[in-house]
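Participant: One letter stands for each residue in the lines below.
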Amino acid sequence: MPVYSRKNIADGIGYTTIIDPKFKTNKIQVMFITELKKETASHNAMAVGIIGTSNSRYKNLSQLTDKLNELYGASINVDISKQADEQILSISISSIHNQYALESEDISNSVLEILMDCIFSPNASNGKFSEEPFNFRKKDHLDSIDAEINNKRNYAVIQTHKEAYKGENSENSAYGTKEDAEAVTPESAFEAYQKILKTAQTEIFFVGPEKDDIIEKIITEKFSKLERMPENLNFISPSPLKKEVSRVEEHLDVKQCKMVLALKSSCQDEYKMKFVNTVLGATAVSKLFINVREKKSLCYYCASAYNFWKQTMFIDCGIEESNIEETEKEILNQINEMKCGNITDEEMNHALLSIKNSLNGVGDTSFSYISWYFNGFIKNNVIDTETAINKYASITKQDLIEAAKTLELDTVYVMKGEEA
Amino acid sequence: MEIKDIYCKQTGDHCKYIKHSSGLDIYVCEMNGFSTTEALFGTKYGSINTMFKTKNDKQYTVVPEGIAHFLEHKLFENEDCDAFALYAQTGANANAYTSFDRTCYLFSCSDNYIKSLEILLDFVQKPYFTKETVDKEQGIIGQEIQMCNDNPGWKVLFNMLQGMYHNHPVRIDIAGTIESIAQIDADLLYKCYNTFYNLHNMVLVIAGNVKTDEVLEVADRLLKPCENQELETVFEEEPYEVVKHDVIEHLPVGSPIFNIGIKCRPENGNARIKAEMECMIALNVLADPSTPLYKKMMDDGLINSTFCVEAFTGDGFFSLIFSGESESPERVREYIVNEIESAKINGLDKKMFNTIKKSTYGMMVRISNNPEAVASNLISAYMSGVEPYQSIKILSEMTYDDVQKCLIERFDTNNMTMSVIK
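In order, the protein sequences belong to chains Z and F.
Under my numbering, think of the first position of the first sequence as 2, with each following residue one higher.
Under my numbering, think of the first position of the second sequence as 144, with each following residue one higher.
For reference, chain F alone in the conformation it holds in the complex:
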């Protein structure tokens, strides 16, 4: 077992990294003065991981869309009881979520954290699926899919992703479709579980009112060592170009809502974090509420305060999104394109670059102010394949020229998709 202290030079924050003998990576952040303990046990398995093989497989296995999320639901149910019933005995607030690239099981508590940690490590390592329990869950997840279909903010994003990506599974709803989840059975769930819920593909993050030696005592007792299966996940080849430039759907909404996305070439690990940070700075130098573009769109009645920007990235996908509400999304797109092209020629505003960089640093300090946020940052770093505090280090080293170069290389205004719900 290897234990390493990791420090953030910029903020003085610190955590411990443990490479546990079971194969699991563990991050512990002891935070003096906080009552809450926040723990996440996560696997690098999300909705996009539908094609994979291990060292024992000759061929890639392809599984139905939505299976990672389905597995998350089912894992809460062990042979003799439900994990929620176990947590009820400690008072912890427990939950789980599946996103594009990860599944995480979490709890938050202000007492009995060791008992809650035992429950977490135990139930995630004990799958139990039967035909009856799988059939029952199909009804519940079917309802969840219907609920997402009624959420225009969700629909506008997936419509954009479908207009942007030809093959990459990021284009499919995390929960799958009613049709795809109907193909899921207990055997498939076991296959995915045994592949992705291998401790070499997982992480435990725990922050707040916690002691490292207590965490390790529980980990030593409950983690079941396993062999590294050298898991490989792959995606079908994805063309650079978007599928189409416009997607429109009609649903009950107040003002029409839009997502305008630029499709970029994907990156991995440190290169992805660096590119993502540079893009975020560039997006804010172009369109933060202090910018001329934002003011002009506001003065012309094109946007309201819901307007925002985002770098949306993961394994095999990378896009930049401008979103908000507008009666004239086409004009918003026109303004954005003009601003990007003008900044490519004339350069981004240097003063604005410095201010946005400073403000981003402040935002990073502000959001690391409680155990939940700290745990979330630690797991995001792991899932991106980088060390904790890497984002703030990259930010501190970032130059104006890096961001200008990023703008020229990545903000391809010919490769955009606009999705509108009205």
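So that you can see chain Z by itself, here it is in the shape it has in the complex:
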């Protein structure tokens, strides 16, 4: 049976262990959480990117990768994302467990040492990151901002975020803007990093097949030495509804048009809104899939996703230009059906089974474990999946109708082909 525990190891720093004997790997993940602001997003993202590709001993990506290859292909990953109005800067290391080493090497401690060096002994001196890892990361960072346009579906959602969340922190990309990224220097990135160590809420996770007291001891020692002044964060920040629906149209050289609708909700019950989302557009038997895609053949995909932190639902689809108006009408019609109570017992039962299916699978990967417990932590409500399933199971049809009624159209983004 898996064993979960969390404790505070320093001011605003938590250490969680999840021990599950079925795994063949160890994973250590450090998540820095800080306010997502336009002026700091690029600096923060680039700083954590630099520490993920170098440290004072392995000074560039080449040296670091060589060492990780020797440790049976251990890998360091950096992930930059946003949740609500906060920026999540994550660095993790994964490696095979010592029992799979062919020559009885101690992989666990070696990878821990590398990760600790990346965080506490970066390739920096005199108050700035070294030029080599900085230049590499800066180019990479700028290229990834430019490459947002390559994936048209994601790009359409990003553009909708900007409009739907205008004036809020979450309108910003977790990577920041190109202009801000271009202005980052080795000094400013290092300064941002020092601030992250001092002020970011920090959650550390260890997931592996057996408890490792040495890992816990070293992590605790290292992090408890930091001078700390953690910022207060507020994850629940509902996005206000615009007075009038905002419509954005963009023209690109594309063959398939995209449309994204953002709807705001005043419902504060996460479980009810996620249930509404599942019935509406999160499965292949949802109202949107069955009616907009299958019955009316209006698009190839049409799906919904609910952001609880911002109380906002996004519905996105890929369509032909001639179907744009009809598709919007049909999507809104399906939401209206829910508001009017046209929800069958079968639809509710299917949605509940789908939710149970995904919750029961939490714990089959270290990623899903970390996501589950991290979300519980930031909601200040760590529960097990069985308790969550019971909450969903107690939701009634009337609850869903009331929750659906809170959805109001806020923003419509459309991507069309270039005008002739």
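Treat the hints loosely; a few may be bogus.
[As the list claims (entries may be wrong)] Below, simulated DSS-like cross-link-like pairs (lysine-lysine); rule was C-alpha separation at most 30 Å, straight line: (1) Lys354(F) to Lys536(F); (2) Lys298(F) to Lys179(Z); (3) Lys275(Z) to Lys380(Z); (4) Lys494(F) to Lys25(Z).
Keep in mind that the hints were calculated from the coordinates and are not lab data.
All figures in this text were calculated on a predicted structure; none of them were measured in a lab.
Following the hints, complete the assembly by docking chain F onto the known chain Z.
Facilitator: The following block gives chain F in isolation, referenced to the frame of chain Z:
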């Protein structure tokens, strides 16, 4: 019915192979402690299988491009309902995909796996196509083709394949073209179904929270025994040389993206897996992020962290691909060619060979850590015509000389195609 235990000496992993009396090959991997069950029911039928015959046919049948993928879409619809509607009653997450050499129907669930398995085995064996349902699907697949045309990562690969292959159908988009799918009708779908969805040409893989005897009970009840039709698929003869060395297309992208491919002679079965593994090791010894080539290209601002390498292989095709983003793909190609030629003369770095071999072993252990990955590895082995865990066995026996020989024989820098989207 024959049941055999298959073990991986290197990792201790184990699965059961069952040659079912219906003709179907079944692989079951019971994984203690996992909640999820991952199942795939697949046929050796992908986008490249456009020319075929069975023992009852005198001549080869040629079908329109994209028909395997079209069939996959249509099979979800039975006479009385949709397979998704059936899965909705179990809560399983169901899907299907078609690639170059296979079509697979899958589900993932953490409860009711027996009921979901019944649905899977039942609907894949019950085709139902009519003119109306085929016509409707043409619109939906047309949209999917348009969506792929807007995906520069997809386009850059197919442009390269078209620059590389003269005749082999790997050069055509898996979904076909708007024109080719317009030729598909219900009769053609039945013809392809009856040919390729024969249990002797299929496999069931199931991994995770599962019990072999329960799987076999469902299989015994639902699998419809069929005669082996001795299916043969063939391809037009493919010249060794590429069609052209450069293909450029303009689309909205950030930095220009490139695929630089080396066309090699194809292989089959164990020989293909061995060649593919040797090529992967050679590619990484040449261009992994720890190598001098990677560092030099990075220092000169030619590549970013999207740069990667791949051995792209299947029935009748085999190529090695370097891909990434660059403002100067021509210079990237020049650096790669110089590095390959230099390694042919001076030999690959021996220390690097050992490190990459170790790291590849670790990666193979790491990715077999959940039911989805385990099921995916088992089906890939079947589709390649080899036993499970064969890759890790080949890796453990691989020598430096094998890889150096592979480099000299297969990395023909005169037989390259570079595709760029900018």
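Participant: Now look at each hint and say whether the structure bears it out.
Facilitator: Okay, the hints, checked on the actual structure:
Distance restraint check for Lys354(F) and Lys536(F): the Cα-Cα separation of roughly 26 Å lies within the 30 Å cut-off, and the hinted pair is therefore satisfied. For the given pair, Lys298(F) sits about 26 Å from Lys179(Z) by alpha-carbon distance, which is consistent with the 30 Å threshold. The hinted pair formed by Lys275(Z) and Lys380(Z) meets the criterion: a straight-line CA distance of about 15 Å does not exceed 30 Å. Distance check on the hinted pair: Lys494(F) and Lys25(Z) sit about 27 Å apart at the alpha-carbon level, within 30 Å; holds.
Violated hints: none; the structure is consistent with every hint.
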